[in-house]
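Peer 1: Work out the full structure, taking the sequences as your base and the hints as a guide.
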Amino acid sequence: MSTVPAEALPTSAPSVRPRDDEAAAAPLAPSARLLPSLAAVYRAQLSRARVARIPLLFVATFQSIGIMVLMRGVVDGGSEARAVVAGSTVLVVAFVALNLLAQYFGQLRATGGLDHYATLPVPPAAVVLGAAGAYASFTVPGTAFTAVAGSVLFGLPLTHLWILVAVVPLSGAALAGLGAALGLLAPRQELATLLGQLGMSAALLLGVLPAERLPAPIGWARDLLPSTYGVEALAHTFDPHPDWAAVALDLAVCGAVGAVSLAAATWAYRRAAVR
Numbered sequence: 001m002s003t004v005p006a007e008a009l010p011t012s013a014p015s016v017r018p019r020d021d022e023a024a025a026a027p028l029a030p031s032a033r034l035l036p037s038l039a040a041v042y043r044a045q046l047s048r049a050r051v052a053r054i055p056l057l058f059v060a061t062f063q064s065i066g067i068m069v070l071m072r073g074v075v076d077g078g079s080e081a082r083a084v085v086a087g088s089t090v091l092v093v094a095f096v097a098l099n100l101l102a103q104y105f106g107q108l109r110a111t112g113g114l115d116h117y118a119t120l121p122v123p124p125a126a127v128v129l130g131a132a133g134a135y136a137s138f139t140v141p142g143t144a145f146t147a148v149a150g151s152v153l154f155g156l157p158l159t160h161l162w163i164l165v166a167v168v169p170l171s172g173a174a175l176a177g178l179g180a181a182l183g184l185l186a187p188r189q190e191l192a193t194l195l196g197q198l199g200m201s202a203a204l205l206l207g208v209l210p211a212e213r214l215p216a217p218i219g220w221a222r223d224l225l226p227s228t229y230g231v232e233a234l235a236h237t238f239d240p241h242p243d244w245a246a247v248a249l250d251l252a253v254c255g256a257v258g259a260v261s262l263a264a265a266t267w268a269y270r271r272a273a274v275r
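In my numbering, the protein residues as written are 1 to 275.
If you're looking for bench data, these hints aren't it; they were derived computationally from the structure.
In this text the structure is predicted, and so the values were computed from the model without any measurement.
Check each hint, because a few of them may be wrong.
Said to hold, decoys possible - Quick list of simulated restraints, FRET-style, between CB atoms:
#	residue 1	residue 2	range
1	62	113	26 to 32 Å
2	44	141	17 to 23 Å
3	79	191	35 to 41 Å
4	70	112	40 to 46 Å
5	244	141	25 to 31 Å
C-beta atoms are modelled at their ideal positions from N, C-alpha and C, and glycine is treated no differently.
Peer 2: Rendered as structure tokens:
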């Protein structure tokens, strides 16, 4: 048996020096652009809503039609009939875009679903706008059916119902932004559900009832409701000779309120996602 001198043995394991290309950390993937992210979130939310929300859409539509049938016994025609039909039509949007979206984001926050979106390279605005757009789009069949049924029930002209092409997305954006903000800012899921229900009730009471029959303080509250301007725009189109300047002004205000509410919902999403 041969022996090896002690000084010939290695005193430590040889160190492996990383290569220059491995020493630097790999860069993270760039964030997805807004429009592709928005389209992806919109398609995903629309597919989910199509499966889970169809029964609730029927409830919202039949609720609005039931309200118009009840009001038919006390309202004969004129400006009051126009207000009832317009308010009941936009109420379908409020039920889905405000009430259900508040519940959805409240549930996401309570169950940790926001963490999933926070790990994706998706801009916060895409998440909010995609969900809001999907829920607002989901109301189109119900609003169209309610508007036609109400016009027939109260003997109103159907000529200018094409204005729904502008009323639905603008009112939907305003109400969806408000619903998302309520759901994201509510500290508990139950409170988000309550706030969504209260918002829909406000849209019901302040939108369906004729404005001239409301006391002044309640009328001021009506002016603060985002859906009011969509209701007014639709109601003007039932006149024999619509005031298109007033319709355009109401739609412009509704669009501005929608932009503000969606910006507030985006801020609320960022605030909730980092907590």
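Peer 1: Hint by hint, say whether it matches the structure.
Peer 2: Each hint, compared with the structure:
no., hint, verdict
1, 62 x 113: 26 to 32 Å, "30 Å, holds"
2, 44 x 141: 17 to 23 Å, "20 Å, holds"
3, 79 x 191: 35 to 41 Å, "37 Å, holds"
4, 70 x 112: 40 to 46 Å, "42 Å, holds"
5, 244 x 141: 25 to 31 Å, "27 Å, holds"
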